[in-house]
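Q: Sequence:
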Amino acid sequence: MTDTAGRLAFPTGGTNSAAITTSPFDALGSNLRFGQLSDETPFVVAEDFGRAMDYSSGRAATRLLDDDEKGVQILHTPGGPQPMTVIYEDGIWELIFRSSKPEAKLLKKRVKAILAEIRRTGRYVPAQRQPEVPSTFAEALRLAADKAEEAERLAVENAALKPAAHSWTELASAEGDYSVADAAKILDRDPVIRGAGGLGRKRLFDLLAELKWIHKGGDRRWHAYQRHVDLDRVAERARYFTDPDGVRQTATPQIRVTAKGIADLHRRLGGSEPVDYAAEDAPASQLELTGGTL
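Residue numbers (UniProt numbering): 1 to 294.
Do not rely on the hints blindly, as some may be mistaken.
Here are the computed lysine to any residue pairs in the SDA-like style, where the Cα-Cα straight-line distance is at most 20 Å [claimed, not checked]:
#1 212 <-> 191
#2 260 <-> 189
#3 216 <-> 226
In short, the hints are calculated from the structure, not lab data.
Work the whole structure out from these sequences, hints included.
A: Next comes the structure, spelled out in structure tokens:
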């Protein structure tokens with residue numbers, strides 16, 4: 001069964017009757033097969049893209065996506081038409097955004113180029129570059145100089161990627177989670193975020209709600225969506241208080257932002273410097289200890 005865009009209902013199964021031809025695309029040493037649906041929606045083979053983004057498999061990558069960001073299509077392969085899991089355009093950007101690889105910025109630029117070409121021509125045709133053979137000594141010197149300049153440019157690009165890699169390494173090794181107020185302080189240390197007016201506790205709560213990481217329940221208190229708890233972006237911490245009769249009671253859980261969640265928010269907000277995640281995690285306020293509204 002397919003929807004109006006020709007996508008398979010996922011994960012209930014079924015296949016498209018007509019096999020789709022994909023085009024190979026070399027990105028950062030990975031061979032990615034891209035294609036296009038009848039409604040011109042681009043897709044990439046999940047196994048290829050998942051491994052390029054450093055997931056153990058295509059299945060590991062697609063587990064993080066919503067149903068409308070992935071599907072199954074019949075593709076032409078050397079062994080004949082075969083059903084293969086694919087990732088649609090929205091899912092492609094979701095995985096690029098999530099990626100902890102410093103190369104993700106470079107891959108993002110490549111993917112933009114290939115999707116633009118697919119929309120323009122219906123397929124991707126890599127540029128065929130002829131090998132340069134100098135015919136004179138002067139041309140040989142110029143070619144050598146060009147290659148030296150290219151090597152220098154790549155060295156500069158790689159150096160620029162190191163801070164992001166270092167930042168992620170620190171974040172990935174961090175343990176625990178942070179109150180929304182402290183997460184806002186951490187994010188506000190970035191000059192770009194601070195220059196845009198900063199966050200603060202209330203604005204960060206509003207942003208988390210807008211991103212649908214959290215919501216207000218029937219008790220009008222904040223609760224985390226389970227999907228983003230599973231994605232290790234936010235957490236809930238149990239809290240307790242003692243009532244006037246001396247009985248220990250359970251208070252409303254406190255929303256916490258994980259190190260991964262802070263890194264995610266830092267990218268979304270256009271942070272320009274490595275995240276200084278050392279939290280100023282002050283003792284919980286009296287309001288938090290007594291289960292007040294957060």
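Q: Tell me, in ascending order, the numbers of any earlier hints that this structure violates.
A: 1
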